[in-house]
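Visitor: Here's the letter readout for the chains.
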Amino acid sequence: MADSNHPDLSRREYVGIDRLEGPLLFISGIHDVGYHELVEIHTPEGPERLGLVLETSKGAAVVQVYEGTTNLSLKDTSVRFQGEPLRLPVAREMLGRIFDGLGRPMDGAPAPVAREILDVNGLPVNPAARTYPTRFIQTGISAIDGMNTLVRGQKLPVFSGSGLPHNQVAAQIVRQARLKDENESFSIVFCAMGVKHDVARSFMTHFQETGVLENVVMFFSLADAPSVERLVTPRTALTMAEYLAFHENRHVLVVLTDMTNYCEALREVSTLRGEIPSRKSYPGYLYSDLASIYERAGMVEHASGSITQMPILTMPNDDISHPVPDLTGYITEGQIVLEREMHQRGIYPPIAGLPSLSRLMKDGIGPGMTREDHPRIASQLFAAYARVKDVRALASVIGEEELTPLDLTYLKFGDAFEQQFLSQAEDENRSIEQTLDLGWKVISILPREELQRVSDEDLMQYYGK
Amino acid sequence: MKPIGRVNRVLGPVVHASGVTGARMMELVEVGADRLIGEIVRLDGDEIVIQVYEDTTGLAPGAPVYGSGHPLSVELGPGLIGSVYDGVQRPLDRLKAGGYLIRRGVRVPSLDREKAWIFEPCVKPGDLLRGGAVLGTVQETERISHRVLVPPSLGGAVKHAAEPGLYRVEETIAVLETESGEIALTMMQRWPVRHPRPIAGRVVADRPLLTGQRVIDTLFPVAKGGTVVVPGGFGTGKTSVEHQLAKWSDADIVVYIGCGERGNEMTHVLREFPRLSDPWTGRPLMERTVLIANTSNMPVAAREASIYTGITLAEYYRDQGYHVAVMADSTSRWAEALRELSGRMEEMPAEEGFPAYLPTRLAEFYERGGQVKTLSGKEGSITIVGAVSPPGGDFSEPVTQHTKRFVRCFWALDRDLANARHYPAISWMDSYSEYVPDVTPWWTEKGDAEWAGLRREIMELLQKEARLQQVVKLVGADVLPDSQRLILEVCDLFKNTFLQQSAFDAVDAYSTVEKQVKMLKLIVTFYRLGRNALDQGATLIKIKRMRILKEIRRMKFNVSNEEVFKLDDLQSRLEREMGRLGEIYGGFQSS
Ligand SMILES: Nc1ncnc2c1ncn2[C@@H]1O[C@H](COP(=O)(O)OP(=O)(O)OP(=O)(O)O)[C@@H](O)[C@H]1O
Ligand SMILES: [Mg+2]
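Read top to bottom, the protein sequences are chains A and B. Here this note's numbering is used: the first residue of the first sequence is 1, the next is one more, and so on. Here this note's numbering is used: the first residue of the second sequence is 1, the next is one more, and so on.
Just chain B, same shape as in the assembly (with noise of 0.2 Å):
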């Protein structure tokens, strides 16, 4: 790194130089004699402002600038699963070696060079390569087959291929006859994170991202490749829902950002996710999780930069032909880190104190999720969940109405349904997904053949409930006629047992696509019959006190995924049952 210019001043994280020569914008530069990494932002003739990565305290005028040459940028290999990396991808699980404390200008590799991987090569002297193939593989964990890749803009017939076995990731690996010669390939290649790495083309999401939580996959699914907000107030429960996902979801690999918030969320991660293990493979959460962590007291840059970081990481793994999920926690935070950024360097503000250009970045950001046909003709995805931290919990600010616009699914988190401790909080009323159409064939094929109509009826139901407690709250339930507040009833218990989903408890934490279809079609099945019993004539109290309610409510606790057959038999008893009751009151009115 040559000098390129002197600071001239100090405004927090942003910094301006002077004198500076043959600089690029977004290059990566370095500071003064600590080092501290930043990008610049500006040119302005011989002026440069940069946004600095680090905390800049004890910087002044005067103080070198050295320049890279290229834009900040990650490494991609082997070894980014497992790992814990800040917004800027120094490893914070190597760094703790020299104490709990994130000091300045520290510089350690984001991939290990000194671990060994086996290395199984797929490719031999003269095989043709173009941007994207397949060079070999290695086994990353347990269950992540890394694909070492050529990188994108490079291709040309290979002149050499390593035998199998054990290589550093700095280590050659393959020679390729390139148009510009000859070029080395190791395993590890550097991309720059504000980039979106190329694809051959996009394909429709048609498969749902299985999530195991009922109120998500069966009334808001979301499709792989897809891209959801999770916008809530404080302590509504965005975390809970991103860290649900990141354990249960059927994603290959999940990305997670936490992007400006707390230390001991990741520290929750970091201590669970091994122990745990994932419903599809078995294996340790941890061996496909990858955390970015920009907590919300590390420097602001490094937090606006933090969700390519983890974005670019995610496009690394579709290449491969992996389905990744990205969970960002909170876009809000990243957003602030923008206008704070952009309010240091004197930019014209726009809503509420934000840059002007927030939604293009907004935009910019969840157009690089999607479901993919990568260079290398395989099938990819990302699915990006990104929660919103609206100020007060209004929904009206620019944040989460950008946001909106982009993607094509809304978790509303609505603040009554969390005081009264309604976990998971998602409305079920200021919610939608757009995806369902796209997954109704799936879920008909592997759930149920009803699958639509039950959602249909349910969703209708909690629609007339709404409208009714609007009566209610004026003048009581007990002066509706039974059968609507049978329609109270079933949307009583739908809540209870079916849209309420403890993430503690063992057994609720999860649920089966099997579990779900069968658990919502006894409850439409509980309100079809019920309504005939009441047609024929009995009651709603009759109908309340039918014992079998009890253990309906409980089988979300007592029926595991694992024997989810003994909700046949409650569904066969339910219609026995309720037959029953109908026919009672039946026979009372013929005869």
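Here chain A stands alone, though its shape is the one from the complex (with noise of 0.2 Å):
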């Protein structure tokens, strides 16, 4: 910071700018003013707004404002550069606590007293200090313990599409997650943007409802918040989860939604700023920026503490190549895809079988962990069903009658698997054993000889019981 930290300039203020549109500001006359340094603007009535430097050359720069420019005018506006990036002020005193995507309190109790004021773009963590994330997190849900397991320090998404119950799904997840043979439950980072105020309230009451409200930290960026202010909020939710676990060596679960609202705020600002469009208009550096929020998880070697995230976006049409899905996929481990036509059968978690993976399973799973014979039955399940896909289409050009006899025994699982494995109540929380168990009778439908990837240890022990 010592090449703009001069005390006395970063004092002065600026009356008057030069040009707005959309959430840039632009502005000259000024003193050098450091890249991605925190702006400060006042209008004579109004609450103060904040801003982030985006391009700074002699005597000018270009800011953002988070909170919009809306209402500002070129001549009574007035802009301090605060010398610095923006910093959050954290502590353990938030938990329970609702703030907006700046970290300012929204729920009308005054601001915590600071423990430790951290930069909310954080740093780069060295993967050589990195743990590896190996440790199992039950969900208490089939789809994800049995065929896509998380683990504790993982990034997993949910992709989904409007309407569909993401939403659910989440509260599910956050309510029943828990490591096996441990009670200690996760602390819950909270970070909405630009979703509606009645999901934020459903969120809260089920918070509430089950009572971990006092284990949770909310930030929120509604729909009504201006658009720009999004693309600060996750950062300032994670720079909280960073100090909860890092710091405070906590188990932290973070739930970011809707991570395409970002996006696309993301794109405005690009647009705006003239930068040439990569694919659907999203700006070039997309990647690079969904980036240094996914890799804002996982574990470190200093601490004993560890960030689990878990982004929600919707897909624009239920198309997985939409650059969101696409290169949120090609970040974090894995993703739980969430299926319409699944949904409209009623099937609760609509979680689609084949679409979804969760890379660090493989580490997390088997003898020790879950139990031996998961790693072979999941794989199995993965194999069975994948043949289903491929029966039901031959069948929907040929008709069920023409079908073989085997053909018609993949279908009979395939229906079993969805309708009691995959699914279940919103409340119902099964343990790993009884998912697997539950897998063992859905594939005994199918015969012996078909199961091809399992052992014949585990036929003895499992098939059939």
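There's no promise every hint is true.
[As the list claims (entries may be wrong)] To give a feel for the contact side, a few chain A residues facing chain B, derived at Cβ under 8 Å:
| no. | residue |
| --- | --- |
| 1 | S57 |
| 2 | V125 |
| 3 | L213 |
| 4 | M369 |
Hints were generated in silico from the structure; no laboratory data involved. Beta carbons are placed, not taken as given, at the ideal position from N, Cα and C, and that holds for glycine.
Two chains, each in its own frame: build the complex with the hints.
Guide: Written out as structure tokens, the structure is:
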């Protein structure tokens, strides 16, 4: 910061600006300010606003105003540069409280006394100092625990579509997530970007009713807040999470919803700045920008806490190749995909069998972690379900009556898999053993010879039991 | 370093400075009070544009820029193996002493200055040496004997040669009389990353890089010194392929470049490789591995540099006469870094916003691979395996398409295969290898005399099967004659037992040449004899009910690399049982 840290200059207030466009403010005739410096913006009336220096050149700067530029005038607006980036005062007393995207209390109570003040942009974690995540988290949801196992310190997003029950699934995970054989629960950082008030309220009520509220910190930048505020909200939330995990040694589960809204805000600012667009007009650096959020998860050698991240995003048009889910999938460690067709058939949770994936699963399951047969039965269920999809496609062409007896058995298995294994109630919390036993129950519909991914010992112990 | 100008504009990683004199294109510079490192990428009058390798938060106009007089370079010498570096060769393992976060402006030398190595000279005063000649050796790890080389541009008579003993990398180990006077040599040299190190010449790449991955070695082999691209949408298995190769391939040295990918994947390698040993020497994998980790959340300019840093280290070991394999995951992130920097420099974009020089840069990179004769007359090679992450998994995008022009081997990862958990999800329909003819002599000699024929036969069956599947999709398999259903059956067997290979199963993760050849032969035999039996009147049902089939299906798990002789037994039993099946029906027909 040394380059711009002229204490005298940083207190200087500049009255009058050159140009306003969308959330951007252009100003000249100033001292040389630092890149990504925090900016305070005042008007004769109304509260102070905050901004970020996006570009700096001799005596001039481009500032992105988080609260938007509505009602600002060129003449009366005054600007003060802070000489440092946006920082968040953090304290464990923030648990149980609600803040806006910039970390200011929204629940009427005064801000807690800061224990530390941290740069919201964070710093990259040295990969040599990370601890590789391997501890199984039981969510009580079979589709996840059995087939797409989550481990502590993983970043596993939910790819959803509008109208699909991602909020229910997220709430269920937040409520039920436990380490096996441990009762220690997670501290939760909940970050809402551009979501509607009723969604935020339903999460709040949910936290209240399940008695976890005092273990939750909420950061809200709701649908009616200026869209640029969303650009800082996940960073504020993750700064809080890092404080809890790496300074206070807690296990933290971060829910970020809805990342698509975040990306849209990024696109808006990029377009205004006339940057060369990439796919669907999103900026070419969307990947790097998302990575600067998603990579703020995991565990480090220097602390015993962890950050498990669950970003939620809605896929525009249910299109998984849309840049937002696509680039997310390229960064996160798997994805839980919700499927509209299953939802319409009344299956809850409608977690798609094949496109869902947990990449850290292999290191968190098996003997000593879940159960010895877990890797093989999961693989067998995937293989059999993939076959079901083929048979269903064939049946839709030639009709079920033309199918071979074996294919018909596969159809039967497919239905049982969806109705009994994947489906469960919103308040149903299955143990991993229940999940695996259920897996064996449905796979036993198929003849023994069809099961080539499990071992003979597995068959002896579990088949048909 | 001396001040050469002052910053006048900051646009993320792209910084403009003015009032500059005496700067050179691609010169390494330091910027501001934090001394952030960067490279001059444009010169225009007294203005320069710098691409900065560290986060520029807080950097303001007016900050000084210091010139170094030399281009971005890496340090080469003993101590590289087993290290993990960022994109501009900062030692991440040693940086972590200062905490788990990577702070800006931190400087730690790439090679440890304090560590002493046992140096064994092999020259004496009076010897005439040319660039690239070996001065002596250092046992860098249990398995790598590090050959200390005369820098490529130097040469002359040895005036003084150090005694065998302990030396640090900056201590003199020889003095050369060169045209420009006496030059003291140490075990360390520097090399600018964007310049290929010189070689004596190229030689034909005709030995396969054995990877232990059946679909690769048998169907789409790569030669030592070859170039491969692995494109695939997210989660289709690019990183897994790169990891499998880093673990099991028979390269002497592996340079693994994590370019704009996940931090945890690097951590995984760091935790796993010291514990695993490779099948060729039985030594821990870390003793042959160098990691370059510029993860997705690290500065984007350093991501652009990481590819060059990695390939330069690889060239240095190649020059010592080693076979090096470079894993680059993912070259798309490198191309995107190029795009981002180009965009911020306001260059004219070409396809999808990428700069027009993208293909040139790709070609230059892959051109640094190859099987060569080194300056000292040894043979060495660099095999490059580059992952590509096409947006939306669509291979028609520029990075996949251009890369395809410059490499000779294409392992296409298929989304449907990955979704069905068919791993590795390398498509047998879309992939190809132009190295097949080059490595066929090797396989014929070391593998099986019939290798080329067996391979061709199974490839043809796979093609036929794909056509049959079109029919099956419309009318079901039941209507096909047994001879065609046998093809479906054999291909299903081949896919499940041979092509699918679990990275996580201790026995299956890696297959020797012998095991691959015998498995392939078993399956082709099954087809040949099965067809005979059908001709003689047997039915497919009977063939499918053969008990031995179950053993064949599980052979990859049940027969370890050490007991491949069991496959011979399986082979003869298969021949017997099929023969018997044919006889029974053949008997019926003739009577
Ligand atoms: N040979 C294999 N054996 C078993 N599992 C595999 C294999 N290859 C891939 N997988 C599975 O596929 C998952 C995704 O693979 P991987 O991480 O290599 O994909 P990727 O193509 O690198 O994705 P991204 O582009 O997002 O980095 C792995 O976590 C693993 O579960
Ligand atoms: Mg990958």
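Visitor: Could you run down the list of hints and mark each one as holding or not?
Guide: Okay, the hints, checked on the actual structure:
no., hint, result
1, S57, "holds (4 Å)"
2, V125, "holds (6 Å)"
3, L213, "violated (31 Å)"
4, M369, "violated (14 Å)"
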